[in-house]
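Assemble the complex: chain A is given as a structure, and chain B must be docked to it using the hints.
These are the residues of each chain, in order.
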Amino acid sequence: GAVVSQHPSRVICKSGTSVKIECRSLDFQATTMFWYRQFPKQSLMLMATSNEGSKATYEQGVEKDKFLINHASLTLSTLTVTSAHPEDSSFYICSAPWGQITTQYFGPGTRLTVL
Amino acid sequence: GQSLEQPSEVTAVEGAIVQINCTYQTSGFYGLSWYQQHDGGAPTFLSYNALDGLEETGRFSSFLSRSDSYGYLLLQELQMKDSASYFCAELSGSARQLTFGSGTQLTVLP
Numbered sequence: 275g276a277v278v279s280q281h282p283s284r285v286i287c288k289s290g291t292s293v294k295i296e297c298r299s300l301d302f303q304a305t306t307m308f309w310y311r312q313f314p315k316q317s318l319m320l321m322a323t324s325n326e327g328s329k330a331t332y333e334q335g336v337e338k339d340k341f342l343i344n345h346a347s348l349t350l351s352t353l354t355v356t357s358a359h360p361e362d363s364s365f366y367i368c369s370a371p372w373g374q375i376t377t378q379y380f381g382p383g384t385r386l387t388v389l
Numbered sequence: 041g042q043s044l045e046q047p048s049e050v051t052a053v054e055g056a057i058v059q060i061n062c063t064y065q066t067s068g069f070y071g072l073s074w075y076q077q078h079d080g081g082a083p084t085f086l087s088y089n090a091l092d093g094l095e096e097t098g099r100f101s102s103f104l105s106r107s108d109s110y111g112y113l114l115l116q117e118l119q120m121k122d123s124a125s126y127f128c129a130e131l132s133g134s135a136r137q138l139t140f141g142s143g144t145q146l147t148v149l150p
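Respectively, the protein sequence lines represent chains A and B.
Once you know that position 68 of the first sequence is 342 in this note's numbering, the rest is easy, because the numbers rise by one and skip nothing.
Once you know that position 72 of the second sequence is 112 in this note's numbering, the rest is easy, because the numbers rise by one and skip nothing.
Quick caveat, the hints were computed from the structure, so don't treat them as lab data.
A few of these clues could be false.
As the list claims (entries may be wrong) - Some chain A residues near chain B, calculated using beta-carbon distances under 8 Å: (1) L318; (2) L320; (3) T323; (4) P371; (5) Y379; (6) G381.
Just so it is clear, the structure is predicted and the values come from calculations on it, not from any experiment.
Backbone N, C-alpha and C fix where the C-beta goes; we use that ideal spot for every residue, glycine too.
Same shape as in the complex, but just chain A (with noise of 0.2 Å):
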């Protein structure tokens, strides 16, 4: 099956402080990945699509200036979470359709804690 990364898989930094989570599809090319964030004990929640080449695409309610997504090549997007605030604390989960496209596979996720 195919492999998806993340990296960092946990961080923790103080608020106001910007921080970059980097997703890679690993044996497969991505054109299209996903960003989502869950909070304790609650669902997924699509944050944003992410497209190679282009701009991402943002769901109702996700602030792009705070969210900066940026899907470099193939096998690589990134989130930065700008001005990081306590709020922001969560499990943020990328994914990434490959063969039929029906199929996600997700990352391991990174676990954001702000100070």
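Same frame as chain A, but now just chain B:
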């Protein structure tokens, strides 16, 4: 709008059979997926139904009725390791996005 409803919790004993239901309301619907997520982990793909009927994969089966906007995940011969959260997710839209249900926490008791 898009929304999926599933029970919040289900409890069963080892060896039993459990059915987790999911109802959805959406336009642009392509199919229904099921994912398993253990605490602290990433979602793992279990199954996908695009057409009406039953899909079987080992101990897990998934069913879809498009006319009823309804599906279910059936877990047989439950094992302790099956204790996890299970999400139904609909595939829709031009980008084939997944919209997740609220999740069902399954607890398997010895």
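A quick look at each hint next to the structure:
1. The beta carbon of L318/A is positioned within 8 Å of a beta carbon in chain B (closest approach about 5 Å), and the interface hint is therefore held.
2. Checking L320/A against chain B: minimum C-beta separation of about 6 Å stays under 8 Å; hint holds.
3. A distance limit of 8 Å between C-beta atoms decides the matter here; for T323/A the minimum to chain B is near 5 Å, and the interface restraint holds.
4. A least Cβ separation of about 6 Å between P371/A and chain B falls short of the 8 Å threshold, and the interface hint therefore holds.
5. A cut of 8 Å between beta carbons decides the hint on Y379/A: the least distance to chain B is about 7 Å, and the hint holds.
6. Satisfaction of the interface hint for G381/A is found here, the shortest Cβ-Cβ separation to chain B being roughly 6 Å, below the 8 Å cut-off.
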